[in-house]
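Colleague: Each chain, written out:
Protein chains: 2
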Amino acid sequence: MSATTFMAREIAEIPDAASLLVAGEAARIGATLRARSFPFVVVCGRGSSGHAGVHLRYLIETRLSLPVSAAAPSVVTGYDRPPNVAGALFIVVSQSGRSPDLVAATEAARAGGALTLALVNDPDSPAARASDLVLPILAGPEHAVAATKTVTNSAIAGAALVSAWAGDSELERGLAALPERLRQALALDWSAWSADLAGAPAAFVTGRGHGLGPLREIALKLAETLRLPALGYSAAELRHGPRASVSVATPVLALRQADPLAEGVDALVRDLNRDGMRVHACGGPLGTLPWLGDGHPACDPIAMLVPAYRAIEAEARRRGLDPDKPAGLTKVTETL
Amino acid sequence: MSATTFMAREIAEIPDAASLLVAGEAARIGATLRARSFPFVVVCGRGSSGHAGVHLRYLIETRLSLPVSAAAPSVVTGYDRPPNVAGALFIVVSQSGRSPDLVAATEAARAGGALTLALVNDPDSPAARASDLVLPILAGPEHAVAATKTVTNSAIAGAALVSAWAGDSELERGLAALPERLRQALALDWSAWSADLAGAPAAFVTGRGHGLGPLREIALKLAETLRLPALGYSAAELRHGPRASVSVATPVLALRQADPLAEGVDALVRDLNRDGMRVHACGGPLGTLPWLGDGHPACDPIAMLVPAYRAIEAEARRRGLDPDKPAGLTKVTETL
Numbered sequence: 001m002s003a004t005t006f007m008a009r010e011i012a013e014i015p016d017a018a019s020l021l022v023a024g025e026a027a028r029i030g031a032t033l034r035a036r037s038f039p040f041v042v043v044c045g046r047g048s049s050g051h052a053g054v055h056l057r058y059l060i061e062t063r064l065s066l067p068v069s070a071a072a073p074s075v076v077t078g079y080d081r082p083p084n085v086a087g088a089l090f091i092v093v094s095q096s097g098r099s100p101d102l103v104a105a106t107e108a109a110r111a112g113g114a115l116t117l118a119l120v121n122d123p124d125s126p127a128a129r130a131s132d133l134v135l136p137i138l139a140g141p142e143h144a145v146a147a148t149k150t151v152t153n154s155a156i157a158g159a160a161l162v163s164a165w166a167g168d169s170e171l172e173r174g175l176a177a178l179p180e181r182l183r184q185a186l187a188l189d190w191s192a193w194s195a196d197l198a199g200a201p202a203a204f205v206t207g208r209g210h211g212l213g214p215l216r217e218i219a220l221k222l223a224e225t226l227r228l229p230a231l232g233y234s235a236a237e238l239r240h241g242p243r244a245s246v247s248v249a250t251p252v253l254a255l256r257q258a259d260p261l262a263e264g265v266d267a268l269v270r271d272l273n274r275d276g277m278r279v280h281a282c283g284g285p286l287g288t289l290p291w292l293g294d295g296h297p298a299c300d301p302i303a304m305l306v307p308a309y310r311a312i313e314a315e316a317r318r319r320g321l322d323p324d325k326p327a328g329l330t331k332v333t334e335t336l
Numbered sequence: 337m338s339a340t341t342f343m344a345r346e347i348a349e350i351p352d353a354a355s356l357l358v359a360g361e362a363a364r365i366g367a368t369l370r371a372r373s374f375p376f377v378v379v380c381g382r383g384s385s386g387h388a389g390v391h392l393r394y395l396i397e398t399r400l401s402l403p404v405s406a407a408a409p410s411v412v413t414g415y416d417r418p419p420n421v422a423g424a425l426f427i428v429v430s431q432s433g434r435s436p437d438l439v440a441a442t443e444a445a446r447a448g449g450a451l452t453l454a455l456v457n458d459p460d461s462p463a464a465r466a467s468d469l470v471l472p473i474l475a476g477p478e479h480a481v482a483a484t485k486t487v488t489n490s491a492i493a494g495a496a497l498v499s500a501w502a503g504d505s506e507l508e509r510g511l512a513a514l515p516e517r518l519r520q521a522l523a524l525d526w527s528a529w530s531a532d533l534a535g536a537p538a539a540f541v542t543g544r545g546h547g548l549g550p551l552r553e554i555a556l557k558l559a560e561t562l563r564l565p566a567l568g569y570s571a572a573e574l575r576h577g578p579r580a581s582v583s584v585a586t587p588v589l590a591l592r593q594a595d596p597l598a599e600g601v602d603a604l605v606r607d608l609n610r611d612g613m614r615v616h617a618c619g620g621p622l623g624t625l626p627w628l629g630d631g632h633p634a635c636d637p638i639a640m641l642v643p644a645y646r647a648i649e650a651e652a653r654r655r656g657l658d659p660d661k662p663a664g665l666t667k668v669t670e671t672l
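Residue numbers (the numbering used here), protein chains in the order written: chain A, 1 to 336; chain B, 337 to 672.
These are computed hints drawn from the structure, not numbers from a lab.
The structure presented is a predicted model; accordingly, all values stated were derived computationally and were not measured.
No residue lacks a Cβ here, since even glycine has one placed at the ideal position from N, Cα and C.
Keep in mind that a hint or two might mislead.
Stated by the list, open to error - Under 8 angstroms between C-beta atoms, here's a sample of chain A residues computed to sit facing chain B:
#, residue
1, Ala70
2, Ala192
3, Pro242
Stated by the list, open to error - Listed below are the simulated EDC-like cross-link pairs for lysine to aspartate or glutamate, each with C-alpha atoms no more than 20 angstroms apart in a straight line:
#, chain 1, residue 1, chain 2, residue 2
4, B, Lys661, A, Asp271
5, A, Lys325, B, Asp611
6, A, Lys325, B, Asp607
7, B, Lys661, A, Asp275
Given these sequences and hints, build the entire structure.
Modeller: Here it is in structure tokens:
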């Protein structure tokens, strides 16, 4: 393990990677989509790309009023029954564009009459070649197994697409401000949270709406980089069944963006504080972690990934784990 | 806490509750749906009912080739932007039929031109009243906070609906055999698994396809009844990122039904065994837990809930926890 890990370098590249994107292809593809109509959208992705897909789902539903189905690739690759997606928009999100089940699902969607769009880092990948439209996320080479800048750029590319597609000037302004906020976010020190994870048997991450994809992404990074069982739940779900499994031993990270769902996150944080749980909150009046103050509610949770990634990477090194080599994982996700 | 808990009594009622269902309304409503066509289906439910919804999703996609969107109620209740579901089928799954956000989402879907269908235990509930069609799940009164027989009956009602809707005679035969298999399943002793959970900091449950809803349900019951952080992952997801957080300290339960996805579950079980993990598997050549042998692949994972529920309930009592009163939970899920 080198003094500086690939993961650390790639987190530091997040603001520059985001800057390259803003002036990208999203506007052109957004205009193409705006000229058509779709009964619904299917979003297909696994792991970190799946989390970018969850972020995209909330934007498509709230900005375009189109229902979104998160594809279950096994329905195509295992059960061999591709759903009827004629006339729909099928979006595959994949860093490498090489996961065989995602490629198969994309090919099946195209053969079934969907318009297919790939959000990929490699525009020459099989998933891109199976797609009618390709939106390159332009994150540059990523060497760490733990994806970071490809995740933020996938989410930003999706948001830029929706901004153009829906003609949402507020979201456009939020995205224009994002590279600078990502740069500022690099300086935020969340070690109060990550240090609290030492010795914890498990950890929780919560939030809602635009925060759901990012909070699941943070939980996954805890699992793969710190080898910590980590549970990502919407605040609405966590309040109920899973709440019983939160204890003083299991730190909770809460992401809170300034939108109509903030109240629900605040209420959960208050309840957990009252019950003596170890809560680390970002955003809002109950925030305990350093934060930039409220920006655009769909962009802020993306920016919250930056201090979370940095804290996880540093905590992994502190424990003698190699953030670049999570146990038993490889860069391209192969599932069939 | 009484010597016999509500939870234990209600688990024991699962076979009888299932028997009442088979001759129910599902065929009539299935025929109604068959006479219409839908571009897609939205399934809306939280917690245990959400897991029954996941089970339903795989059946609808594989038997009817209709894409399914799992509704995000917050898009309606928080962001106030109901997706355009005109012409679609909207299915709300709710034991009580009283969760305000599910009722609001159902009302919005109906107002937006969807055909609304309620799978509910209380056919006089607000969710039922907001629906064009009501499929009562006929589970009878349920007193335990931890839902059990309402979960199996929700899943069976959904499967009976799809069987009639798709004219799937094999699924119909599987459902006809299910009450007797559920009765046999009551005798299966999974204490080798539940005893292994003692002292575990967290636990994993895995499987794929038709097993995804049931495995998530078991994880939720571990969380709410044993207060154990429990992670339910499809075998396809668990192989990748989350795998790094599985250790010899965290038992893994694997559900395996006899269908084209079985191979993937077997491969994961083999890998975990090779790495010395504590794996408890149900079904197939690698099974370690008592099981009935293969039946219908969409019905077997429902039957696997029975020994899992029984083992969790018994382990909770053994530890002095009251299975009927999980910490901080209530029977009706209220989220807005």
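Colleague: So, for every hint listed, does it hold in this structure?
Modeller: Hints and how they fare:
no. : hint                    : in the structure
1   : Ala70                   : holds, 7 angstroms
2   : Ala192                  : violated, 21 angstroms
3   : Pro242                  : holds, 5 angstroms
4   : Lys661(B) <-> Asp271(A) : holds, 18 angstroms
5   : Lys325(A) <-> Asp611(B) : holds, 17 angstroms
6   : Lys325(A) <-> Asp607(B) : holds, 18 angstroms
7   : Lys661(B) <-> Asp275(A) : holds, 17 angstroms
The earlier numbered hint that this structure contradicts is number 2, and it is the only one.
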